[in-house]
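Working from the sequences, and respecting the hints, build out all of it.
Protein chains in written order, with our numbering: chain A, 2 to 259; chain B, -17 to 239.
What the hints contain is simulated information worked out from the structure, not anything from laboratory work. A couple of the hints might just be wrong.
[Unchecked claim] Have a look at the derived ranges for each label pair, beta carbon to beta carbon: (1) B:185 with A:44: 28 to 38 Å; (2) A:244 with B:227: 14 to 24 Å; (3) A:211 with B:97: 56 to 66 Å; (4) A:150 with B:115: 26 to 36 Å; (5) A:228 with B:-9: 48 to 58 Å; (6) A:47 with B:22: 46 to 56 Å; (7) A:203 with B:115: 36 to 46 Å; (8) A:185 with B:184: 48 to 58 Å; (9) A:208 with B:128: 27 to 37 Å.
[To be verified] Listed below are several chain B residues computed to face chain A (Cβ distance under 8 Å; list not exhaustive): (10) 55; (11) 63; (12) 84; (13) 87; (14) 105; (15) 110; (16) 119.
[To be verified] Here are some chain B residues pointing at chain A (derived, C-beta under 7 Å): (17) 50; (18) 68; (19) 73; (20) 104; (21) 107; (22) 108; (23) 109; (24) 112; (25) 113; (26) 213; (27) 217.
Quick caveat, the model's predicted, so the values are computed rather than measured. Idealized CB from N, CA, C, for every residue including glycine.
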Amino acid sequence: MSAAIADLLTAALAREIATSGVRVFAVTTPATVAAALAARELGVPELALTAGFSALDGAPVPSITRGEGGLLTRGPAFRDDPGDVFVALARGRVGVVATPAQLDVVGHTNLSGIGEPGHPKVALPGARGLPDHCSASRVWYLFATHGPRQLVERVDVVCGAVPPPGALRRLFTPAGCFELGGAGWRALWLTAGGAELVALTPAFGIVLDGDEPVLEAPDEEALAALERVDPHGVRRIEFASGADAAHLWSAAAEREAA
Amino acid sequence: MPASLAADDLPERVADGALIAIGGAGLQRKPMSALRALVAAGRRELRVISFLGSLDVELLLAAGAVAELHSAGVSLDAAGLAPHYRDARETGSVSFFEWSEGTLLCALEAAARGVPSLPTWQALATDMPAINPWLREGRDPFTGEPVMNVRALCPDVALLHVPAVDDAGYAYLDGDLAYDGAMARAAGEVIVSYDERRASEPRLAVLSRLWIDATIHAPQGAWPTGCHPLTGVDSASVASWAAAGLDATPALLEPHA
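Okay, structure coming up:
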């Protein structure tokens, strides 16, 4: 994926977080951390970010080598009990940005494996927190690759249940932004070339009517905020693959080790 | 006050077949020197709890030391998937119990409270109980609402690593405590390795000496995982392990390698 699409999606997520009305967000990956930090600059400076498991209100930096524990590297944070993040989730106080490996037409998510539950042909990292937040989230954003292996009719393993209908349930992919409703996923906007990507995932059931708005360029204000909080573009690693990803990774690792 | 152990003393306290809880999360604060000592002593059939695993799980799997693994996820973060973990799951060479982050915490809390199980709302309406027999869906006896009953997970030993302890045995860290506190309260014995001694300020400690049975001085004991703020992740070593795939052996995680 191009850096331009990576920036467009991350900037869009930043704007979404800023306007969601939720004041605590759980973010873990470089792009979602960057988006949440940028959201603070888009009118919600008080936005709290859950960092690791013992700080609901952390001070993270976009980083590729420091892991979730490193999300606290910018400074000390109030130390919560690790269970508090689940309490806050259960009480609808936390918005979530998740990155499942598989997502299906009704909103189930999978990060466990491909194949029969418990007997994966391809083992993925593991369910992580998907079973813990999906059914409780008031605001639920997903980041996913737009391809037939990721967006499927039925996930192989149901790790995450579907957030309730009253929740905001949106998916960001290189094809655009989609919302889950009673009739499945529908496009809110597409990227340039997004319609072609949607056509590659017929099992996922998105039907385009041809007049969806096309977002050609990132929200300029959000992009400027992203550049301030993530000047080295660590967010783009999440969207890269192959040699591009390797190059970005080694550059980030070298910079962060210095 | 916790006992002070030499690194060589550790294997005596972890029997073959023991259920060990490994602290830290992802590529942070894994007690790697302690795990290397277990591998060097030839420990086998270990039953391992690693809330979020990385090179800790990889090392033990590569050494053939694991019979059973409990985790909510294992990966090498941006360096990619964990090769030995993937292979173990795909071939079924170890018994794998897949947890969610929340249900694993619940299982440790049940152990700490001394109850056989605890109910939670987590993992409801998912496939998790179908792949983890420690989770069982039921009904709340008061309201009839669906609940997930989570069986207690009682580690024999918790192995944790922190940047510093003081002379009294309190443990300190600046980064994410992860599930170390829950593991310490649930385990039969708690052994904490540490990089440095520091002045005693118990009000700033993250883990009371009450929960710690023994400490081991292990400078850079988390290497190649990070130990914020003292050391970051050794990304080159993580990448080397990932690149080696199933050819990665414990020797690759020796500090001199």
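For each hint, the structure was consulted:
Range check, residue 185 (chain B) to residue 44 (chain A): about 37 Å between beta-carbon atoms, so the 28 to 38 Å window is met. A hinted range of 14 to 24 Å for the beta carbons of residue 244 (chain A) and residue 227 (chain B) is consistent with their spacing of about 18 Å. Residue 211 (chain A) and residue 97 (chain B) have their C-beta atoms about 58 Å apart, which keeps the hinted 56 to 66 Å range intact. Distance hint for residue 150 (chain A) and residue 115 (chain B): a CB-CB separation of about 29 Å, consistent with the stated range 26 to 36 Å.
Taken as a hint, the range 48 to 58 Å holds for the pair residue 228 (chain A) and residue -9 (chain B), whose Cβ atoms sit roughly 53 Å apart. Under the hint 46 to 56 Å, the C-beta atoms of residue 47 (chain A) and residue 22 (chain B), about 51 Å apart, fit the expected range. A hinted range of 36 to 46 Å holds for the C-beta pair residue 203 (chain A) and residue 115 (chain B), which are about 37 Å apart. Against the hinted window of 48 to 58 Å, the Cβ-Cβ separation of residue 185 (chain A) and residue 184 (chain B) comes to about 55 Å, which satisfies the hint.
The beta-carbon spacing between residue 208 (chain A) and residue 128 (chain B), approximately 33 Å, falls within the hinted interval of 27 to 37 Å. Hint status for residue 55 (chain B) relative to chain A: holds, with the closest Cβ pair at about 3 Å, below 8 Å. At a threshold of 8 Å, the smallest CB-CB gap from residue 63 (chain B) to chain A is about 7 Å, leaving the interface hint in force. With a least beta-carbon distance of about 4 Å to chain A, the hint placing residue 84 (chain B) at the interface is held under the 8 Å criterion.
Given the 8 Å rule on beta carbons, the hint for residue 87 (chain B) holds: about 6 Å separates it from the nearest Cβ of chain A. For residue 105 (chain B), the shortest C-beta to C-beta distance to chain A is roughly 4 Å, which falls under 8 Å, so the interface hint holds. Interface restraint check: residue 110 (chain B) against chain A, minimum CB-CB distance 5 Å, threshold 8 Å, status holds. For the restraint placing residue 119 (chain B) at the interface with chain A, the shortest Cβ-Cβ distance is roughly 12 Å, beyond the 8 Å limit, so the hint is violated.
Residue-level restraint check for residue 50 (chain B) is violated (minimum Cβ-Cβ distance to chain A is 14 Å; threshold 7 Å). Annotation: interface hint on residue 68 (chain B) holds; nearest CB of chain A at approximately 4 Å, less than 7 Å. Of the supplied interface hints, the one on residue 73 (chain B) is violated, with its beta-carbon coming no nearer than about 10 Å to a beta-carbon of chain A, more than 7 Å. Against a cut-off of 7 Å between C-beta atoms, the interface hint on residue 104 (chain B) holds, since the closest Cβ of chain A lies about 5 Å away.
Taking 7 Å as the C-beta contact cut-off toward chain A, the hint placing residue 107 (chain B) at the interface holds, the least distance being around 4 Å. Checking residue 108 (chain B) against chain A by beta carbon gives a least distance of about 5 Å; that is within 7 Å, so the hint holds. Given the 7 Å rule on beta carbons, the hint for residue 109 (chain B) holds: about 4 Å separates it from the nearest Cβ of chain A. Look at residue 112 (chain B): its Cβ gets to within about 5 Å of chain A, closer than 7 Å, so that hint holds up.
The interface hint given for residue 113 (chain B) holds, since its Cβ lies 4 Å from the closest Cβ of chain A, which is under the 7 Å cut-off. Taken as an interface hint, residue 213 (chain B) does not check out: its beta carbon lies about 10 Å from the nearest beta carbon of chain A, beyond 7 Å. The interface hint given for residue 217 (chain B) is met, as the beta carbon of that residue sits about 4 Å from the closest beta carbon of chain A, less than 7 Å.
The structure is inconsistent with the numbered hints 16, 17, 19, 26, although it conforms to all the rest.
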